[in-house]
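Undergrad: From just these sequences and the hints, can you work out the full model?
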Amino acid sequence: MTQSFPPATIGYGFSHAHLLGIDPLKPGEIAYLLDRAAYFAELEPGEAPDALAGSTVINLFFENSTRTRSSFEIAAQRLGADVVNMDVATSSVKKGETLIDTADTLNAMRPDFLVVRHGQAGAVKLLSRKLDAHVLNGGDGKHEHPTQALADALTIRRHKGKIDGLTVAICGDIRHSRVARSNLLLLQKMGARVRLIGPPTLLPNSYEALGVEVYHRMDEGLRDVDIVMMLRLQVERMAGTLIPSGREFFRFYGLDRDRLALAKPDALVMHPGPMNRGVEIASDIADDLDQSVIREQVEMGVAVRMACFEALATRRAPTTLRAA
Amino acid sequence: MSKRTLIRNVHLFDPANGHDGPGGVVLYGDRIVAVFGGDSAIAADADVVIDGQGATLLPGLIDSRVHLSEPGLEYRETVGETARLAARGGISTVIAQPSTAPAIDRPQAVYAVSHRSQGGKGARMQTLGALTVGCEGKELAELGLLAEAGALGFSNGTAPVGPLDTISRALNYARSTGLTVCLGQMDAVWGEPGVIGGELAARMGLGGIPALAEVMSIERDLRLVEMTGVQAHFDMVTSAEGVNAIRDAKARGLPITAGTGIAHATLTDIAIGDYRTHAKLHPPLRPDRDRLAVVQGLADGTLDTLVSDHRPIDTDHKRVPFEQAEPGMVGLETFFSLALSLEDRGVSKARLISALTSAPARVFALESGIRPNAPADLTLADLDRPRRLSEARLHSRCRNFNYEGIPARGVVLKTYVGGKLVFERA
Chain W
77 MTQSFPPATI GYGFSHAHLL GIDPLKPGEI AYLLDRAAYF AELEPGEAPD ALAGSTVINL
137 FFENSTRTRS SFEIAAQRLG ADVVNMDVAT SSVKKGETLI DTADTLNAMR PDFLVVRHGQ
197 AGAVKLLSRK LDAHVLNGGD GKHEHPTQAL ADALTIRRHK GKIDGLTVAI CGDIRHSRVA
257 RSNLLLLQKM GARVRLIGPP TLLPNSYEAL GVEVYHRMDE GLRDVDIVMM LRLQVERMAG
317 TLIPSGREFF RFYGLDRDRL ALAKPDALVM HPGPMNRGVE IASDIADDLD QSVIREQVEM
377 GVAVRMACFE ALATRRAPTT LRAA
Chain Y
24 MSKRTLIRNV HLFDPANGHD GPGGVVLYGD RIVAVFGGDS AIAADADVVI DGQGATLLPG
84 LIDSRVHLSE PGLEYRETVG ETARLAARGG ISTVIAQPST APAIDRPQAV YAVSHRSQGG
144 KGARMQTLGA LTVGCEGKEL AELGLLAEAG ALGFSNGTAP VGPLDTISRA LNYARSTGLT
204 VCLGQMDAVW GEPGVIGGEL AARMGLGGIP ALAEVMSIER DLRLVEMTGV QAHFDMVTSA
264 EGVNAIRDAK ARGLPITAGT GIAHATLTDI AIGDYRTHAK LHPPLRPDRD RLAVVQGLAD
324 GTLDTLVSDH RPIDTDHKRV PFEQAEPGMV GLETFFSLAL SLEDRGVSKA RLISALTSAP
384 ARVFALESGI RPNAPADLTL ADLDRPRRLS EARLHSRCRN FNYEGIPARG VVLKTYVGGK
444 LVFERA
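Order-wise, the sequence lines are chains W and Y.
For our numbering, count along the first sequence from 1 and bump the result up by 76.
For our numbering, count along the second sequence from 1 and bump the result up by 23.
The set of hints was computed from the structure by calculation and includes no laboratory data.
Cβ atoms here follow ideal geometry from the backbone N, Cα and C, with glycine treated the same way.
It cannot be assumed that every hint is accurate.
[Said to hold, decoys possible] From chain W, some residues computed to sit far from chain Y (all C-beta separations above 12 Å): (1) 160; (2) 235; (3) 320; (4) 372.
[Said to hold, decoys possible] Label pairs and their calculated CB-CB ranges: (5) Y:368 <-> W:284: 24 to 34 Å; (6) Y:239 <-> W:285: 14 to 24 Å; (7) Y:411 <-> W:208: 28 to 38 Å; (8) W:205 <-> Y:25: 51 to 61 Å; (9) Y:311 <-> W:284: 17 to 27 Å; (10) W:240 <-> Y:311: 29 to 39 Å; (11) Y:311 <-> W:269: 23 to 33 Å; (12) W:177 <-> Y:53: 45 to 55 Å; (13) Y:311 <-> W:374: 43 to 53 Å; (14) W:195 <-> Y:311: 26 to 36 Å; (15) W:269 <-> Y:428: 39 to 49 Å; (16) W:354 <-> Y:428: 50 to 60 Å; (17) Y:411 <-> W:177: 29 to 39 Å.
TA: Shown next, in the form of structure tokens:
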């Protein structure tokens, strides 16, 4: 008799030096991070272990961010770390310093963790090669945003009890979305079926090579899904080029009551924020506490970031089977 | 007073002149004056006798697509250094692209290239002229004056030629010079450079250039060639569809020639891996089916020429995020060995050597070949001696290299340019 285990039992633990993306992670490593995050999510803020006591975390954001940076900051502080926010807009980067020189400079300050957001794909990886600190990817260009995907996965797991076997639709501007890329990688690794929905200009057919189903019509793609994940559309950058207008986008790709009715009755609505009400999502759905878990995604964001910091600090070796 | 030099005990290999066997040559001044088979006693009246010890003597290699860093970026490589690196790689003639800064769009700039390489310490440095001023695709460059100054042909560098009316006027006018125009550069306005659209681009979160970009440019340019009757050379065909378009055009009887780069015949986009900027090239590396089509194109003669597409880039412009990195790789020193490796992939030795010698000579109307009265441009090489390619063994100042640790064969022993020994392996 062979006994089959869910994919999450393979390589349970976490031994990476950096968290650069979902791509390098094994299902067991993702499951480990989610389990720890689930534990942190249940704690009162004062109860968290001071796993990062005496450590220094530098938040290095080359792109503007309020929510992600705050979330990393709060997560690190709950674990007892000292957090420094580097305001890149006023730093030497604006004076022409290269990324590598910035890395050298920061390295000399001996931080223990560096959280980086950068506008170009692969830039965080490049930094990680030059630094002694643990590097966490807070979003690199259109490449990956691993902690957002982990927060989304934890939110799904809390409501559905599992990820394996679910059907998830990710809708909107897939092409420019690091959130979509990290999510589709994570969800597939954990056994979910992923559908991508968007207009051809924002969803190239080449994504089929990543093992997902590509839909260009919302009504077909949403049918019987367990999760509807909406993405932010940068209307101001796209109107007239990649899409004709915001209102046309909402007409064909916006999430309203009629469209949501095509999904399973207990389907969850998610959005990584910030939302454009009336462009990709109708206001009443965003605020519907029965189906929308958008606020919970933010809350889980802090928990998974705590889990990531802790995992990097302790580097628990993987085991082959999860302890009962 | 010139000396007579005898090179004996070599294997002559020059398919265009029907040589494939033991023999030797006699050089006098800058010319070959005699070619003989076997090992006869012509030695008697030579001043200098060189024993080739059975190595292979080839017509000097011609690399018809090299990017100069001078003027503009001398810190990467001067013209003199390019000439010496080429000689080290067995290349006797370099044909440079005009896209320097400023571009080679005036006759003085053509003179400057040969002037800067003087000293006889390296390959013969030739250049193409810019088709449009500054390679910007707007105004016609002084094509007639460039030709008079010695430009071997025209190109717009890596930039597409510009709007249709500009390109058709430029080609129409270029016809009057009788020189070849290099065409088929894909439109850079499509997508982000450096990576081909498709699975890899989707994985890496990069826009990627659509695979169609190259073949659409080639097909457009083929129509313009048909319309204007200009002599055209599609020098960097790197996709399966591009090779097919060239094959069809040749079958239609269009008098065009074509070529490809060594990287696109030996590497795929796998080399880009995790944002390796050294493998960021222009045109971008492609999936294996394109590489196979390119090799097949070389094997069946659809692609006439093979080039190094040498482009030195310093670390500061490669050790940056992928999107910021400049495309290009160095190639002069390893070009010959990598070209020979294609023999194991189905391209005959005769085809390969033609692609490096007689084919580019024909395209750019250069004298070449092992025959009496041809220029004494010769490459002596041991085609079978194994070597391991390594960055540590490069003499280039720039190290944007993609073949670390790759086993290869073919070692250049001597390079002659105009009868002068410009490189000798120690």
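Undergrad: Now look at each hint and say whether the structure bears it out.
TA: Cross-check of the supplied hints:
1. In this structure residue 160 of chain W is separated from chain Y by more than 12 Å, as the shortest Cβ-Cβ distance comes to about 23 Å.
2. Annotated as non-interface, residue 235 of chain W keeps its C-beta farther than 12 Å from every C-beta of chain Y; the closest such distance is 28 Å.
3. The beta carbon of residue 320 of chain W sits about 20 Å from the closest Cβ of chain Y, which is more than 12 Å, so the claim that it is off the interface holds.
4. With a minimum CB-CB distance of about 27 Å to chain Y, residue 372 of chain W clears the 12 Å threshold, and the non-interface call stands.
5. For residue 368 of chain Y and residue 284 of chain W, the Cβ-Cβ distance of about 30 Å falls inside the hinted range of 24 to 34 Å, so the restraint holds.
6. A hinted range of 14 to 24 Å for the beta carbons of residue 239 of chain Y and residue 285 of chain W is consistent with their spacing of about 22 Å.
7. Checked against the hint of 28 to 38 Å, the C-beta distance between residue 411 of chain Y and residue 208 of chain W comes to roughly 33 Å, which is consistent with it.
8. About 57 Å separates the C-beta atoms of residue 205 of chain W and residue 25 of chain Y, a value consistent with the hinted range of 51 to 61 Å.
9. In this structure the supplied range 17 to 27 Å holds for residue 311 of chain Y paired with residue 284 of chain W, their Cβ-Cβ distance being about 19 Å.
10. Between residue 240 of chain W and residue 311 of chain Y the CB atoms are about 34 Å apart, so this pair conforms to the stated range of 29 to 39 Å.
11. For residue 311 of chain Y paired with residue 269 of chain W, a C-beta distance near 29 Å keeps the hint of 23 to 33 Å intact.
12. Remark: the range hint 45 to 55 Å for residue 177 of chain W to residue 53 of chain Y is upheld by a beta-carbon distance near 51 Å.
13. Separated by about 44 Å at the C-beta atoms, residue 311 of chain Y and residue 374 of chain W satisfy the suggested range of 43 to 53 Å.
14. The given range of 26 to 36 Å is respected by residue 195 of chain W and residue 311 of chain Y, whose C-beta atoms sit roughly 32 Å from each other.
15. A beta carbon spacing of about 41 Å between residue 269 of chain W and residue 428 of chain Y agrees with the range 39 to 49 Å that was offered as a hint.
16. Under the hint 50 to 60 Å, the C-beta atoms of residue 354 of chain W and residue 428 of chain Y, about 57 Å apart, fit the expected range.
17. The hinted range of 29 to 39 Å is satisfied by residue 411 of chain Y and residue 177 of chain W, whose Cβ atoms lie roughly 34 Å apart.
Hint check: no violations occur; every hint is consistent with the structure.
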